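Protein chains: 2
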Amino acid sequence: MSCSVLGIGLAGFGTVGSGVWKILEEHGRLIESRSQGSAAMEIRKIAVRDLSKKREGNTPAELFTTSLMEVVENPSVDIVVELIGGTEAAFDLVTKALKAGKPVVTGNKALLAERGTELFAISKETNTPIYFEAAVAGGIPIIKAVQQSLVGNQIESIAGIINGTSNYILQRMTEAGLSYPEALKEAKDLGYAEADETLDVNGWDAAHKAIILGSIAHGFLINYKNVYVRGIEKVTPLDIQFASDLGYVVKLLSLVIANKDGGIEIRTQPSFLSKTHILASVHDVFNAVAIKGDHLGESLFYGRGAGQGPTASSVVSDLVEATRGSETNMGFLPYKKTGDLVDIDDTATSYYVRFSVTDRPGVIADIASVLAKHEIGISGTHSPVDADNPDAEFVEMVFLLHTCPFGRLKLALAEVENLDCLTNRPVVFRIEAL
Amino acid sequence: MSCSVLGIGLAGFGTVGSGVWKILEEHGRLIESRSQGSAAMEIRKIAVRDLSKKREGNTPAELFTTSLMEVVENPSVDIVVELIGGTEAAFDLVTKALKAGKPVVTGNKALLAERGTELFAISKETNTPIYFEAAVAGGIPIIKAVQQSLVGNQIESIAGIINGTSNYILQRMTEAGLSYPEALKEAKDLGYAEADETLDVNGWDAAHKAIILGSIAHGFLINYKNVYVRGIEKVTPLDIQFASDLGYVVKLLSLVIANKDGGIEIRTQPSFLSKTHILASVHDVFNAVAIKGDHLGESLFYGRGAGQGPTASSVVSDLVEATRGSETNMGFLPYKKTGDLVDIDDTATSYYVRFSVTDRPGVIADIASVLAKHEIGISGTHSPVDADNPDAEFVEMVFLLHTCPFGRLKLALAEVENLDCLTNRPVVFRIEAL
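First to last, the sequence lines map onto chains A and B. Be aware that the first sequence starts at 1, since it is given in this note's numbering, and climbs by one per residue. Be aware that the second sequence starts at 1001, since it is given in this note's numbering, and climbs by one per residue.
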């Protein structure tokens, strides 16, 4: 057991970076004790944009630099923590650290999801590990769970609610009947959505995390260009209401599913989920990931997916991991060049489809016969009549459809759209039977 | 990275042992790939009681022995897996393995909870680790979560439903109004309770697990003799019904709580828990552990707490950990000699107390004035009248009591018991506000 103190270089000192400082200051001794002395560490360099900015806590001025590269180059730094975000400067920084033989701890999901192939190749080449627990679901130790705890399992499925902002917005639309813009505004007012909410609500933040989870679960780096991603921006209170009528909630679900024949389905989209499923009870900005292993069976990991404490807590846990040395501890490395991603058109679930139609005789027959022609079965319908206006001219008609490939549904709906009774494009949600 | 194959010796080849064999046979190559070649392993010796018993799968006859010690002594064995249970032979086996410098993987909670002090001392002395993920909550990676993921946190509380049998019995009493003996019989018929259910229903199986969790969370070995444990044998359908009327469920809860002043409360008992708490949704034989860290905040881990696949999955995960070598990877070692356990009489919660009384004028006044004398506040009462028999002579009267130390409540109840209106001893449940 080595008892020398390891030097940490922090690139970025925002919410998470200063959280790491806090934890090491408060609990440095505790961490040393718990690791039997092997995880003695000290922050020795911190790169920031603006030296003049006032910093919380008593961080010595001499630690700060505006040079990112100094964090790597400083000879007293043994491990580099990348918390600057983005995929350009962060890529250069991480590459440089690995090439210098300095293990990297990062919370940058976009970096890993978009440039993981390059980075893990360098990691392997240089025999220097990258740790990234903080990149997925904040304080939930889901990376270690997949990598270590499920090491003896084929991972049959991963289903996650891994974007807190979206979860909060959908919840408020469900509970309070808010429109999407109203719920988004509320989330912003509460600090649950960033000034630029794009990546949260368009699904890509969750998709990046799912790509990372899928990659470590299946051993090859999933190309983000082949991943199906839809956001929550177009979800309406009407569909949420209908979902509820039918026993479902709408959740932004990220799924990685291994098919029987070895293909991997990966998708992130707002989906219908039974109200009785445990993921349906994930509220507010909490995250949860349900994993099914062939021997382990079902398990679920739940906690705070963002915020200073939880994310910094994951960074510190990775730092301790990094102090253990890379000899038999490279963290994750891909062990397959590639894998078989299932085309979204070939993925099959059941569906909720809402048609906005002109209410004239024959409408249902017209739509149903197009569906029948494409061999899509109807398992149920839902079209509540407006009690005050039973003869309304335009109505919403919901069909619940039996499981079929998404591609076949698309063909059928393209044909339905040609019917003159439609006043709007059909609205589709997958019903996920997890 | 070492690529030599490590030899495993299995002591015990029941449900879990044969599950380990299965996983290594099915997924040995996958495990090697995932660990970049460092976790190549092979089972080389299996100790069983009866050589003539027919074994599942194609285990070669020459691996089997009836000698426990051969599993340790065989020079081709590098890591010893102890799955025989009990605290005598298992203790000798583990001791011998550690002294031979062979890391141990065990699923034996009683052994660790009762003889951990001795075993971890030998582990430290011999610089040889003991891994025990399988000892607590089967397939839930709760040991690694506490040790690794929360390494940068003071662990404020651990609340677990960690005995599946009890959880199932209480659930059936709740759902179907079964009596305890009826629900127990059902659990046995379904294979959810063992032939001898004692340790499951008297709370000790859960308590052993809580002792292990508390010990790794707080760095010292908790003496099982100082732990408060109550089982579910005396829980009645009536109290479950009243709990439900009041918005609670009855769960066998194991708690490890760190007080502000550093004291540790540890107890296992059937308790009232709000129906809205996430642990209230843990059904059937599932287990769940909620952990609060000072930086991480709340998190929850949920999954199968027993059974072949889940438990063997944890053993295999520990085996991979063990292949990484002990140089900076001793797993858990106590880092404090002792800690301050809070006496059960000094632990404070609110309470549900049910009094069976003769219905005569003055009863409520008599009881209430004893409580008042002991400065115990009443926050609510509940005593449903039998609609068909409003003048019944004997009634059940429930008082909900404000938070006070358990010792004070005991004194007050001893005095209440002297009142001649009581027809039975008062029934007490803690109301846990997690």
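Hints may contain errors.
Unchecked claim - Distance condition first, Cα-Cα at most 25 Å in a straight line; then the derived DMTMM-like pairs of lysine to aspartate or glutamate:
1) A:Lys124 - A:Asp50
2) A:Lys96 - A:Glu42
3) B:Lys1275 - A:Glu175
4) A:Lys336 - A:Asp261
5) A:Lys336 - B:Glu1125
6) B:Lys1336 - A:Glu32
Unchecked claim - Covered stretches of chain A (in silico footprint by chain B; criterion: 3 or more residues with CB under 8 Å from a CB of chain B, positions within the stretch not fixed):
7) 32-46
8) 94-106
9) 143-150
10) 289-298
11) 328-334
Claimed, not checked - So these bits of chain B aren't anywhere near chain A, every CB distance computed over 12 Å:
12) Gly1014
13) Leu1063
14) Ser1076
15) Thr1095
16) Glu1182
17) Thr1236
18) Pro1237
Simulated from the structure, these hints should not be mistaken for laboratory data. Since we're looking at a predicted model, the values are computed, not measured. Cβ coordinates follow ideal geometry from the N, Cα and C atoms, glycine included.
We went through each hint and held it up to the structure:
1. Only pairs whose Cα atoms come within 25 Å are accepted, and Lys124 of chain A paired with Asp50 of chain A is rejected, the gap being roughly 34 Å.
2. Between the alpha carbons of Lys96 of chain A and Glu42 of chain A the distance comes to roughly 21 Å, so the proposed pair stays at or under 25 Å and holds.
3. Of the pairs offered as hints, the one joining Lys1275 of chain B and Glu175 of chain A holds, with about 19 Å between alpha carbons and a cut-off of 25 Å not exceeded.
4. In summary, the hint linking Lys336 of chain A to Asp261 of chain A is supported, as the alpha carbons are separated by about 17 Å, within the 25 Å threshold.
5. Taken as a hint, the Lys336 of chain A and Glu1125 of chain B pair is broken in the structure, with Cα atoms around 41 Å apart against an allowance of 25 Å.
6. With a CA separation close to 13 Å, the supplied pair Lys1336 of chain B and Glu32 of chain A stays within the 25 Å bound.
7. Counting residues of the stretch 32-46 of chain A whose beta-carbon sits less than 8 Å from any beta-carbon of chain B gives 6, enough to reach three: the coverage restraint holds.
8. Requiring three or more residues with a Cβ within less than 8 Å of a Cβ of chain B, the coverage given for the stretch 94-106 of chain A is violated, as only 0 such residues are present.
9. A stretch counts as covered by a chain when three or more of its residues have a beta carbon under 8 Å from one of that chain; for the stretch 143-150 of chain A and chain B the count is 6, and the coverage holds.
10. For the stretch 289-298 of chain A, the stated coverage by chain B is satisfied: 6 residues place a CB nearer than 8 Å to a CB of that chain, which reaches the threshold of 3.
11. Taking a C-beta to C-beta cut-off of 8 Å, the stretch 328-334 of chain A contributes 4 residues in contact with chain B, enough for the three needed, and the coverage statement holds.
12. Consistency note on Gly1014 of chain B: stated as away from chain A, and its beta-carbon is indeed over 12 Å from all of that chain's, at 16 Å minimum.
13. No beta-carbon of chain A is positioned within 12 Å of the beta-carbon of Leu1063 of chain B; the least distance is around 19 Å.
14. Separation of Ser1076 of chain B from chain A is adequate, the least Cβ-Cβ distance of about 21 Å exceeding the 12 Å criterion.
15. Non-interface status of Thr1095 of chain B relative to chain A is upheld: no Cβ of that chain comes within 12 Å, the nearest being about 20 Å off.
16. Here Glu1182 of chain B stays apart from chain A, with its beta-carbon at least about 26 Å from theirs, past the 12 Å limit.
17. No Cβ of chain A approaches the Cβ of Thr1236 of chain B within 12 Å, the least distance being about 28 Å, so the stated non-interface status holds.
18. Listed as outside the interface, Pro1237 of chain B is consistent with that label: its C-beta sits roughly 25 Å from the nearest C-beta of chain A, beyond the 12 Å cut-off.
When each numbered hint is compared with the structure, violations occur for hints 1, 5, 8.
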